[in-house]
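2 protein chains.
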Amino acid sequence: MEYSDDLMLEAFQEAQLAIDGGEVPVGAIFFDIESQKIVARGCNSVNATKNATRHAEFNCIDQVLTSTSRWENIVVYVNVEPCIMCASALVDLKVAAVFFGCNNDRFGGCGSVLKVSDLLPSNRTLFKGGFRQLEAVDLLKKFYKGENPNAPIEKRKLARD
Amino acid sequence: MEYSDDLMLEAFQEAQLAIDGGEVPVGAIFFDIESQKIVARGCNSVNATKNATRHAEFNCIDQVLTSTSRWENIVVYVNVEPCIMCASALVDLKVAAVFFGCNNDRFGGCGSVLKVSDLLPSNRTLFKGGFRQLEAVDLLKKFYKGENPNAPIEKRKLARD
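From first to last, the protein sequence lines are chains A and B. Residue numbers 1 to 161, in the working numbering, belong to the letters of the first sequence in order. Residue numbers 1 to 161, in the working numbering, belong to the letters of the second sequence in order.
Calculated directly from the structure, the hints in this document are not laboratory data. Check each hint, because a few of them may be wrong.
Heads up, the list lumps identical chains together, so a pair's fine if it works in one copy or across two of them.
[To be verified] Cut-off 30 Å, straight-line C-alpha distance, at most; resulting in silico cross-link-like pairs (DSBU-like, lysine-lysine): (1) Lys145 / Lys37; (2) Lys94 / Lys145; (3) Lys94 / Lys115; (4) Lys142 / Lys128; (5) Lys115 / Lys128.
Starting from the given sequences, assemble the full structure and let the hints guide the process.
So, in C-alpha cells, the structure goes:
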C-alpha cells in the first residue's frame with residue numbers, strides 16, 4: 001500500500017478546520033484506491049456535538065456508508081494515531097490501511113497504549129505512523145497551549161506555568 | 001451501582017430481536033438512574049446496515065444523544081461483554097456502569113482480550129460481567145449453530161461437524 005503525502009496534507013487541512021472550530025485538531029481523509037478518489041473527509045467534532053465518540057474517523061465512516069466504496073479499498077489518512085475505539089472500528093470494517101502522523105500517548109490504539117490490530121483475530125489492516133509527526137505534534141500543542149475555551153482546564157493552566 | 005436483573009432481561013429481549021432478524025444476538029439497554037427510565041434500547045444491526053460498527057451499544061448511544069440524559073447517569077445492560085471499540089466508547093462517554101452477561105473471548109474489551117478501562121486514563125466507568133452468562137452463551141450458540149445465512153461460514157461448518 002503506497003503512502004501519499006498529498007493525501008496526508010489534506011488530512012492536515014481537516015485538522016486545521018477542527019482547531020479553527022475549537023476542537024482538538026484531528027482530521028481524516030478516506031481514499032478509495034479503486035476509484036482513486038477521496039470518498040470522505042472530516043474532523044473531530046466532539047465539542048460541537050457533545051458526543052465523545054465523534055472522532056474524525058467516525059465522521060468519515062458515516063460518509064463512506066452513503067458511498068459505493070468497499071471498505072477493503074479504503075485507505076485512511078489521519079494526522080494523529082487513531083484511539084483504541086477508532087482503531088478497533090477500522091479493523092472491524094477491514095479497511096486496507098491507516099497512515100497516521102504523530103502518536104497518541106494517552107489513547108492511541110495503534111501501538112502507543114496498545115496495538116488493537118495485534119489483538120483482534122480478524123485484522124487485515126495495515127497501520128503505519130510517523131508521517132509528518134512534528135507538524136502533527138505542533139498542531140496539538142497549538143490547541144492545548146492556546147487560550148482555547150474548549151481545551152481542558154488543566155492543560156491551559158500548564159500552558160501558562 | 002446496583003444491578004437490576006429486570007433490566008438485564010430487557011437486554012436479552014433485544015438480543016432475541018437481533019437473532020430473529022439474522023444478527024448476532026447482542027442487545028443493550030441504557031438506563032438513566034436519575035430519571036429511573038430506560039432511555040435507549042437496541043440490538044446489533046451489523047448485517048442489516050452492512051456496517052461493522054453498528055453494535056447494540058452504538059445504536060443505543062445514538063438514541064441517548066437525542067434525549068436529555070447525562071452520560072454519567074447512564075447504566076448499560078448488555079448480554080455479551082462489549083468489544084474493544086464499544087468498551088472504549090463507553091469509557092470516553094463516562095457512563096456510570098456497564099453490566100454484561102457472558103464473556104466475548106475474541107473481541108471483549110472488558111477483560112477477555114484486554115481491559116480497556118485499565119488502559120484509558122479518563123476511565124470513570126464500572127464494568128462488571130457474569131450476569132446470566134449461561135443464557136447468554138446459549139443464545140450465541142443458537143445463532144452460530146443454526147443454519148442462519150448470516151452466521152460466519154466457518155462457524156456453520158463447525159456446527160455441522
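Hint check results:
no.: 1; hint: Lys145 / Lys37; verdict: neither (36 Å within a copy, 41 Å between copies)
no.: 2; hint: Lys94 / Lys145; verdict: between (36 Å within a copy, 25 Å between copies)
no.: 3; hint: Lys94 / Lys115; verdict: both (15 Å within a copy, 23 Å between copies)
no.: 4; hint: Lys142 / Lys128; verdict: within (24 Å within a copy, 39 Å between copies)
no.: 5; hint: Lys115 / Lys128; verdict: both (11 Å within a copy, 24 Å between copies)
The earlier numbered hint that this structure contradicts is number 1, and it is the only one.
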